[in-house]
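K.L.:
Chains as they are written, first to last, in this note's numbering: chain A, 1 to 298; chain B, 299 to 701.
Possibly wrong hints are sitting among the right ones.
[To be verified] Dumping the calculated BS3-like pairs for lysine-lysine here, alpha-carbon to alpha-carbon at most 30 Å:
(1) B:K538 with A:K10
(2) A:K196 with B:K522
(3) A:K215 with A:K196
(4) B:K654 with A:K63
(5) B:K522 with A:K13
(6) A:K91 with A:K163
(7) A:K252 with A:K10
(8) B:K674 with B:K663
(9) A:K252 with A:K215
(10) B:K525 with B:K538
(11) A:K63 with B:K525
(12) B:K525 with A:K196
(13) A:K194 with A:K13
(14) B:K663 with A:K90
(15) B:K525 with A:K194
(16) B:K545 with B:K369
(17) A:K91 with B:K525
Source of the hints: derived by calculation from the structure; they are not laboratory data.
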Amino acid sequence: MKPALEFLIKDEKVYSGALSCRGCGWSLLVRHLASILGEDTVYVAPASCFSIISGPYPLQELKANLVHTVFAAAPATATGVRAALDRQGKKDTTVVILAGDGGTFDIGLQALSGAAARNENILYIVNNNGAYMNTGIQSSTATPYGAVTTTNPGAGFKRVWPKDLMGIIAAHNLPYAATASLAFLDDLRKKVEKAKHTQGFRLLMIDGPCPPGHKTDPAMSIHIGRLAVETRLFPLFEIERQHYTINYRPVKNIPVEECMKHQGRFKQLFQPENRHMIEEVQAHTDQYWLRLEMLEGM
Amino acid sequence: MKKENSQNSITLEEPFLDSPRYPRHVQMVMKGNYAAAEAARLCRAGFIPAYPITPQTTIVERLSELVSEGKLDATYINMDSEHSVFAAAMGAAIGGERVFTATAGQGLFYAHEVLQAIAHFRLPMVVCNVGRPSIPWNIWSDQSDSLSQRDTGWIQFYGESSQEVLDTIIQAYMLTERVQIPVLVVLDAFYQSHTSENIWMPDQNLADRFLPPIQAGPMSIDMKQPKSFGGLLPPEYYNKMNYSFWKAMNQVEAIAEEIGIDFGAHFGRPYTNVEAVNIGPKTRLVLVTLSSITSTVRGVIRSYPEIGLLKLRLFKPFPREAVRRALAPLSQDAIIATVERNFLGDREGAIMQEMKRALYGLDYKMYDFFAGAGGKDVPPETIEKIIHRAFQHPEEANWVDVD
């Protein structure tokens, strides 16, 4: 697959002036989402960077209803919204959760699992930028191994592996779940389109660039996102019930450090005493890819 | 009228139907929890998120039956926790549905965060709480759960009987949809929830004539006019929002009183925010109560002509005007004693705190009596102990039955 060049959105469903940082993935993601999902959509957002980006009162970025809710329970609030719309015959209105990794991997996991297990007719979007960025870069269980956050006492960087959210989601036997990247817009848009037209609980996990949190150059957000896919740090795949499909197979075997070296959060791993951690990330990445290929072949 | 086989309720035969006492009612014997569930049916609740917790569970069980039997057209969803129950209730209320659920103790504590959000979103809904305390584990009657949530912005009613719980839930929907503030209706664990009483069950037409279908409010989703609900509110707006909430809350006492009278006109059973029994210039002592302890006090004071009773039905916002009016006939040296089935970690219980606040500036002798926490029975003898203690060198706060 070649990187998408056709990135202009023809039918914009957001207003200008999103309050995101330079190089943030949220704004670009929401523009693409909204252009596909349209105005017949109710968005539900737990606390996250997007709570701010979408605009403090009286501002509103989206040309659709947006319900802000408590951090731990976006899937529960969305369940209530869905039920109300269904009762009023608005079965075609899409209910979409826009959450970060903290609200998904950590505090919101129980409500997510509950809604997924009930197969609620909801589309869940998680913008995974690998830490609590809205509160200033604290560790989440999505934070990568070896990444610096402001809450890693002692070592200063994370020494345990992130949760395999997609594995947890797959265990719920859902109609549709997929990963996507802003560096692969055709693939992302296709997946949003597919998710929109699937009934039941769907989840898309998007790799979220975050220059302040990842300590990267804002101009490099898309480039680094592409490297994350090319190095297999962020593989693109779909899960339909028990069936896995890998959507993009990198042609070259680019080492993970080619992606990590652009990110200040991994700087310390390039010190001689920590180099072995990069090797561990490489081994973990290779193993995960191998597992994906095996799952795909099943 | 056919006889129901259900073990939950017994419908009596013809002679009781359309009694001259309450036309278009059926007399039944029913536990408090089933009365609460039947009230939700009469109000045509459309969305019921559920999670089990003793001693509330039979409410959501009965609602599940009512929905599956086709007697209630509601969307019933088993949630993953009480936190999620209330978050789902919030979503459906924003979606414009009439919401009902029930909880108790830990469930209400767990939902605390969402209680705040629902109230400050100004969403109408009615929730039934069957009072029980926290850890160490205790499932028995105690009002510490709901009373500890009195600052969340919810209106709170306490029902003395199952009939009152049923009737109050119907009134609560009228109130919540009029003032756009959520309502908690509280009943006592086991003494009410699992105890059968005589109930006059109104027929559906009567309920429908009283309570119209829910209307879209200012906080309802409108697909034609999309809005952002509950986003970041800067200080200048936040303060204004609280001001408008405060103004609405100040009207609740009068509106609840009006709805209680209107309910009486429809159903034959009028209600007031507080009830005064035997309070006059010769009354030497007034016992202040919530929920089922009230009935015990009613019985005891029949033998004590100099003792009165003040029952609080509306507790939040505290019915200050009604309380002051009710106590106005008292002489200068009358004693006010509060009976607390709650302990909130302070020197005084919740009822005394509110009473002192309401009576600020008036010179009553006021003594607080802790009795019955964690389900400890409060029999007539305990009430008599309180009466005697109140006249014989009481402390500012007193514990009975702890020796």
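K.L.:
Determine for every hint whether it applies to the structure shown.
P.N.:
Now the hints, each set against the structure:
no., hint, in the structure
1, B:K538 with A:K10, "violated (40 Å)"
2, A:K196 with B:K522, "holds (20 Å)"
3, A:K215 with A:K196, "violated (34 Å)"
4, B:K654 with A:K63, "violated (51 Å)"
5, B:K522 with A:K13, "holds (15 Å)"
6, A:K91 with A:K163, "violated (34 Å)"
7, A:K252 with A:K10, "violated (34 Å)"
8, B:K674 with B:K663, "holds (27 Å)"
9, A:K252 with A:K215, "holds (26 Å)"
10, B:K525 with B:K538, "holds (19 Å)"
11, A:K63 with B:K525, "holds (8 Å)"
12, B:K525 with A:K196, "holds (21 Å)"
13, A:K194 with A:K13, "holds (19 Å)"
14, B:K663 with A:K90, "violated (60 Å)"
15, B:K525 with A:K194, "holds (26 Å)"
16, B:K545 with B:K369, "violated (38 Å)"
17, A:K91 with B:K525, "holds (20 Å)"
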